[in-house]
Amino acid sequence: MSGTPIQSAQGVEPQEFIAFHVGEQTYCIDIITVREIRGWTPATPLPHAPSFVRGVINLRGSVLPVVDLAARLGLPIKEPTARHAVIVVQSNGQIVGLLVEAVSNIMTIAPDAIQPTPEVASELSRSFIQGIVAADQQVISVLIVKNLLPESLQLAA
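All residue numbers for the sequence shown refer to my numbering, where the first residue is 570 and numbers rise by one.
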């Protein structure tokens, strides 16, 4: 996948997104929410945490919860390997790691190139997905970072 801009109408300011893989799918999130990308390190499980929370890791002395995006999106869960990455994001004042299989590139997308999520998607899926982008002969889902966070973190913000 190239870093080629996905353009549409003139006068619309494009945004940059980080693209990554979870399972066989490609997703992206607004780069403005990304603080850093780091390699996978084993997480310490948290008792009674939601099933999609892999656990916590130490990020330079701070405890960082890690959300397994495969589990959060209802996809088959794979045991993390050295190829996996954690995208550290900040949303509503909360910092969380998103476990993904691989980060692929940075995309520039015009806002009006993002198409609505199809009605056939479940309500839960639509709550996570801002829209769909057709790029490089594939379909990429644009995720809403704040909706991926555990509700307990959203309420604390």
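Incorrect hints may have been included.
[Stated by the list, open to error] Restraint-style ranges between C-beta atoms, simulated for each label pair:
| # | residue 1 | residue 2 | range |
| --- | --- | --- | --- |
| 1 | Pro687 | Asn627 | 20 to 28 angstroms |
| 2 | Pro583 | Ala618 | 21 to 29 angstroms |
| 3 | Arg652 | Pro685 | 28 to 36 angstroms |
| 4 | Gly630 | Gln684 | 26 to 34 angstroms |
| 5 | Glu582 | Arg629 | 27 to 35 angstroms |
| 6 | Ser620 | Thr650 | 32 to 40 angstroms |
| 7 | Ala703 | Gly592 | 13 to 21 angstroms |
| 8 | Asn661 | Gln584 | 33 to 41 angstroms |
| 9 | Val632 | Asp681 | 23 to 31 angstroms |
| 10 | Pro616 | Gln684 | 23 to 31 angstroms |
If you are wondering where the hints come from, they were derived from the structure by calculation, not from laboratory data. Note that the structure is predicted; figures quoted are calculated from it, not measured. No residue lacks a Cβ here, since even glycine has one placed at the ideal position from N, Cα and C.
Consistency of the hints with the structure:
For Pro687 and Asn627, the Cβ-Cβ distance of about 40 angstroms falls outside the hinted range of 20 to 28 angstroms, so the restraint is violated. For Pro583 and Ala618, the Cβ-Cβ distance of about 37 angstroms falls outside the hinted range of 21 to 29 angstroms, so the restraint is violated. Roughly 33 angstroms separates the CB atoms of Arg652 and Pro685, a value that falls within the hinted 28 to 36 angstroms. About 42 angstroms separates the C-beta atoms of Gly630 and Gln684, a value inconsistent with the hinted range of 26 to 34 angstroms.
For Glu582 and Arg629, the hinted distance range of 27 to 35 angstroms is satisfied, since their beta carbons lie about 33 angstroms from each other. The hinted window of 32 to 40 angstroms between Ser620 and Thr650 is violated, with their beta carbons roughly 20 angstroms apart. In this structure the supplied range 13 to 21 angstroms holds for Ala703 paired with Gly592, their Cβ-Cβ distance being about 19 angstroms. Distance hint check for Asn661 and Gln584: the Cβ-Cβ separation is about 19 angstroms, which falls outside the suggested range of 33 to 41 angstroms.
The supplied range of 23 to 31 angstroms is broken by Val632 and Asp681, whose beta-carbon atoms lie about 40 angstroms from each other. Restraint check, Pro616 to Gln684: a C-beta distance of roughly 41 angstroms breaks the suggested window 23 to 31 angstroms.
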